[in-house]
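Residues per chain, in single letters:
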Amino acid sequence: MTSKISSILIANRGEIALRIIRACRELGLKSVAIYSDEDTRSIHVKRADSAYHVGPAAPAQSYLNMNKIMEIAIAAGVDAIHPGYGFLSENETFAQLCEKNNIIFIGPKSLAMDLTGDKMKCKELMKKAEVPTVPGSDGVIEDVELAAEIAREAGYPVLLKSAFGGGGRGIRLARDENELRQEFEMASAESKAAFGKAALFVEKFLERIRHVEFQLVRDSHGNTRHLFERECSIQRRHQKLIEMSPSPIMTVDKRNEIGEIAKRAVDAVDYLNAGTAEFLCDPQGNFYFIEINSRLQVEHPVTELITGIDLVKLQISIANGEAIPFKQEDLKLNGSAIECRINAEDPFYEFAPSVGKVPNCNLPYGPGIRVDTYLYPGCTVSGFYDSLTAKLISWGSDFDESRRRMRNALDEFVIEGINTTIPLYKTIMNEDHFIKGELSTDYLDRYSIIEKMKTELKDKNSNFQNRILPAVATALLQSEYIKKNAHSRQGSQNNWRFGGMTN
Amino acid sequence: MTSKISSILIANRGEIALRIIRACRELGLKSVAIYSDEDTRSIHVKRADSAYHVGPAAPAQSYLNMNKIMEIAIAAGVDAIHPGYGFLSENETFAQLCEKNNIIFIGPKSLAMDLTGDKMKCKELMKKAEVPTVPGSDGVIEDVELAAEIAREAGYPVLLKSAFGGGGRGIRLARDENELRQEFEMASAESKAAFGKAALFVEKFLERIRHVEFQLVRDSHGNTRHLFERECSIQRRHQKLIEMSPSPIMTVDKRNEIGEIAKRAVDAVDYLNAGTAEFLCDPQGNFYFIEINSRLQVEHPVTELITGIDLVKLQISIANGEAIPFKQEDLKLNGSAIECRINAEDPFYEFAPSVGKVPNCNLPYGPGIRVDTYLYPGCTVSGFYDSLTAKLISWGSDFDESRRRMRNALDEFVIEGINTTIPLYKTIMNEDHFIKGELSTDYLDRYSIIEKMKTELKDKNSNFQNRILPAVATALLQSEYIKKNAHSRQGSQNNWRFGGMTN
Amino acid sequence: MQIKIDEFSEELHGKIEGFTRSGDLVLKINDKEHLLKIIEIGTDKFEFIFDNKFHEAKIAESTSTELKIALDNQILVLKKHSKLSEIIEKSTSSTGGANSMNTISSQIPGRVISIAISKGDEVKQGDSIVVLESMKMQVAIKSHRDGKIRDLKVKEGQSISRNDVVAILE
Amino acid sequence: MQIKIDEFSEELHGKIEGFTRSGDLVLKINDKEHLLKIIEIGTDKFEFIFDNKFHEAKIAESTSTELKIALDNQILVLKKHSKLSEIIEKSTSSTGGANSMNTISSQIPGRVISIAISKGDEVKQGDSIVVLESMKMQVAIKSHRDGKIRDLKVKEGQSISRNDVVAILE
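Chains as they are written, first to last, in numbering that gives the first Met the number 0: chain A, 0 to 502; chain B, 0 to 502; chain C, 0 to 169; chain D, 0 to 169.
Take these hints with a grain of salt, some might be off.
Stated by the list, open to error - No farther apart than 25 Å at their CA atoms in a straight line, the calculated lysine-lysine pairs in the BS3-like style are these:
hint: 1; chain 1: C; residue 1: Lys-154; chain 2: A; residue 2: Lys-482
hint: 2; chain 1: A; residue 1: Lys-459; chain 2: C; residue 2: Lys-3
hint: 3; chain 1: C; residue 1: Lys-67; chain 2: A; residue 2: Lys-483
hint: 4; chain 1: C; residue 1: Lys-67; chain 2: A; residue 2: Lys-459
hint: 5; chain 1: D; residue 1: Lys-3; chain 2: D; residue 2: Lys-67
hint: 6; chain 1: C; residue 1: Lys-14; chain 2: C; residue 2: Lys-79
hint: 7; chain 1: A; residue 1: Lys-453; chain 2: C; residue 2: Lys-3
hint: 8; chain 1: B; residue 1: Lys-326; chain 2: B; residue 2: Lys-262
hint: 9; chain 1: C; residue 1: Lys-154; chain 2: A; residue 2: Lys-191
hint: 10; chain 1: B; residue 1: Lys-483; chain 2: D; residue 2: Lys-67
hint: 11; chain 1: A; residue 1: Lys-45; chain 2: B; residue 2: Lys-425
hint: 12; chain 1: D; residue 1: Lys-31; chain 2: B; residue 2: Lys-459
hint: 13; chain 1: A; residue 1: Lys-356; chain 2: C; residue 2: Lys-67
hint: 14; chain 1: A; residue 1: Lys-453; chain 2: C; residue 2: Lys-57
hint: 15; chain 1: B; residue 1: Lys-459; chain 2: D; residue 2: Lys-147
hint: 16; chain 1: B; residue 1: Lys-459; chain 2: D; residue 2: Lys-27
hint: 17; chain 1: C; residue 1: Lys-44; chain 2: C; residue 2: Lys-79
No lab work stands behind these hints: they were computed from the structure.
The whole structure should be built from the sequences, with the hints applied where relevant.
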């Protein structure tokens, strides 16, 4: 088959834009970046084969501006658009617009996206395909009174979810009716801002559950493969923080069973390209399908490391009309991978966003370590976009090796100028329940991880030999340095060292 | 078995010291670094748990100073010493000194090292063990007249090798007797400087050969495993430049056959720990054993990437008396890995050494990319030591994916302030014979690769849209910038942009 | 010099004693001697090997009584002549505390997308004052006590920094 | 401005025409217009987007007639007002060439570990003059022609830089 795609516009920014640029380079395809006013100095602009200005900083005027992006795609003469994740990646209107302009949208067809994006329609289809789903409300709710009624029936606590959300955004917990009413307003405002619609639905909140998802790929010839699971149970406010594969609770039989269910799920919506079927797993080991994420996931590198398959390049080849080049039984789960999302948030301070210039940074490297990031010394973390600054991914021949490598890499990772979630992950990597694989979506609260992190920092700071004494030494050096510089403006190191500083 | 090793002194510097520090951290062992006057600002000093000054810059007074190193090891209370590669790694006197002081030398026993280090003794043993060897001289030669006699018998060209050399150092080619006499003097001086002895031997030079080696590990219980081959044919003056696994000419049967021979080779010398059996392979597919490298090799990451085994951690566990935890049949060769040695040498200028400060550098990263290096922004490349500044290693599901990733990573790799071999590797990654796997130790000369590199650079520099036009634009910007700054000392960007620069 | 560090209970006494023959500094801290080799020294950055361990210290803030440093990339606060500075700190924090009871400030940077109250409104503890948008999240800033709004310090659409005051209570 | 670049045969003419409404620069090079967006500008570093492609240029050397830049990390030499500078270059290189015939210089930095000849010795082309050690390798510096050694410029043990003269021929 001859290749239809020779150039790709990347309708995204940050680390995922860079990830896609690298895939294009490997394949010898031209990469076209877009950038907002806020992103002129961003790494995806520097690394792409060409870069077009798309608009002001605000996402609605830049990375969500479908018409402008389509204009650029046509002007640049690209054959395809890769949407990355977030932004327009699950927007069926944009997929349609691409179809209309004869530009290949690297992702599912708008029809399938419409089905996966509407959680209620999707749930119905899943029931027909005998895919087990979570007990909950049966339709979209626009009105707070109806939401309250359904919640009362299902029993609190309930989750309030945006029908257009995903990746944990637009999901809120309500423990009673008062909270429900407050959160409903917030959630619908958020949903409107992000997706232009406010459709919400209500779902019973299951407790002590794990989040386990299956990576899927499906080609235009109807071949479907699952690339094993990822466990993403460590979350904060329904946002994933740490993902891993394999899941500590998975057995070979269970993997095959749920993997086949996941394949039925994407077959049911005539899915195309890479997607993810998300499941909740209760402490009894029951799996409930919750949704299909119709895009490449943030956490896709975890799967890449344990399968050896480059998902972005596979996406491009599927979009090109090619058949998936491997059979289900060809795939082997090799070793163990963990991903930590390095967010620009202060874990010591309620995860408050932290933005600004990063004057210096040191990316970890070495055996088993992969970093996907947009950080470089002198870059800026913008408040206009997502807080994800880097994904740190470790591979090991088993979970323990992967965990120890992650621990080291977190120690090596320096990001100056902003606060990040790195200290939290350092604590988790040494935490007993994590080591034993005792995970659940309320892991942080259940095991008081934030408190543990704070205590650890205090202990570390009180270490006499490694912290207290060198700190005193620093104070002595600094005071002497100031004294010397006051005496002489030369103050070179040599002068200083042999300056007869005997007391 | 309880662990004997809780702390390790690393008798080395540079990237390999950092590599070993990382392994120690993973295992929770204390790492102790040593540093010369030249290395106070080196990364291994910064990253080790503790660091001791060992002496002046010259290797003989620092990293080769056995007594001083032993003094530090005892003072620091370490249980073991890891020698890395080069320096004391194949010095049986040092291994003996460790044994005498009850400090575990992470490597073979001095007895085995004595055998492998003496190429003639080793050759004899191999003949007994039915390991095929290269035809050549049967003993060590101290005298140039004897060397000339043997060379005359074997027929020119011949190789002059230091019995204590390794990794290509101390090997010189002589095409006639005149050259032999000149080179003999040089080689013996080099050998004396590096190893304190000048024993040389003469070997017939085989043409159009490949260099293929097998990674081996052997534990104190007599278990021997081979971890497949590495092809290291791309060399310059017998120094490896590019290594890969698998070798393009290897078949499963041949791998098993030569692998078993390699195991016999290390069994014959009662080898302990990680080592490498090097073979030459002629165009007819015959393998000739040449030597055992009784240390961890520079190119060990290639094997780590295709087996998933951490060789440094395995070395430590073997030194600890543990049995190798896998059987030969457990090992699977997964994908394809390539390593490029980033040397501080100018490939456009006869590979002249290039030393000095590196004000800035950008290490490549992303899918399938590993870097082992001591470089960091602001570091210094010293002329006192080896020119290897970084090892760039790529992994792919097949050779072509690995090669394309390497090509991209070479493009991303920026090292300011010094010249490196990166441009050469960029040429090689796109070169037809390399792509087809048509390799031999004279690859660079045979296919005029240096010329190709120079032509490519010229072509690239003549690209009108990507080089010529932006260069003109730079000249215009700079001239305008100087003019504006001459007018006003403020010259901020805004001033400049709206300064009415209409002509 | 007398030094007190963060929550570390003990007060330490340190001084520079002199040099060894090899040029290392000898420091005496609480009557024990330590060796320090200077690797690099500058106005705001020190690299040194202390008792055979490398450390990097960046000076974040420096006053005559207080030193805030990033030691090996982690912040520590040192108080010099600590008895005096403790007294100063106590008196400052008590006034600071009284003031802060009246101000409602944002703990995060962001853009004000809505304001829930007006000047003169009575609010209860936990009531939302303004809603901020930051990194695609919406976060409400709530009142920490009951009271009446004396003044509003922000407008809709305005971008604010961490610790900016959004409203003042009577 | 007239510009000539390395071996590129053509001479180019460029000038800055003005600004677009969005603040981009309009450049005219050889009668074709190009758009340039400045990202960052400084004395020795320029970052810009030219015809929708990012470029980074560092100024390595700058004289009134020549500009040496690292464009996207690769060196290029530009000659301004090239006719004049070509003349200057030719006259310099001819004298420089004559001089260099008499000097034997090292192409690499290193430490002199042995000197093979003495002042006044006759040498043939290819004879070793000194042996250097650099990065653990020993490299001989050889004479490029027959001649008699007028002067030796280095001593054993001395460290020398690239292009340093080691000996002068008569």
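Results for each hint:
{"no.": "1", "hint": "Lys-154/C to Lys-482/A", "in the structure": "violated, 48 Å"}
{"no.": "2", "hint": "Lys-459/A to Lys-3/C", "in the structure": "holds, 16 Å"}
{"no.": "3", "hint": "Lys-67/C to Lys-483/A", "in the structure": "holds, 20 Å"}
{"no.": "4", "hint": "Lys-67/C to Lys-459/A", "in the structure": "holds, 17 Å"}
{"no.": "5", "hint": "Lys-3/D to Lys-67/D", "in the structure": "holds, 12 Å"}
{"no.": "6", "hint": "Lys-14/C to Lys-79/C", "in the structure": "holds, 13 Å"}
{"no.": "7", "hint": "Lys-453/A to Lys-3/C", "in the structure": "holds, 20 Å"}
{"no.": "8", "hint": "Lys-326/B to Lys-262/B", "in the structure": "holds, 13 Å"}
{"no.": "9", "hint": "Lys-154/C to Lys-191/A", "in the structure": "holds, 21 Å"}
{"no.": "10", "hint": "Lys-483/B to Lys-67/D", "in the structure": "holds, 20 Å"}
{"no.": "11", "hint": "Lys-45/A to Lys-425/B", "in the structure": "holds, 20 Å"}
{"no.": "12", "hint": "Lys-31/D to Lys-459/B", "in the structure": "holds, 22 Å"}
{"no.": "13", "hint": "Lys-356/A to Lys-67/C", "in the structure": "holds, 20 Å"}
{"no.": "14", "hint": "Lys-453/A to Lys-57/C", "in the structure": "holds, 22 Å"}
{"no.": "15", "hint": "Lys-459/B to Lys-147/D", "in the structure": "violated, 43 Å"}
{"no.": "16", "hint": "Lys-459/B to Lys-27/D", "in the structure": "holds, 23 Å"}
{"no.": "17", "hint": "Lys-44/C to Lys-79/C", "in the structure": "holds, 19 Å"}
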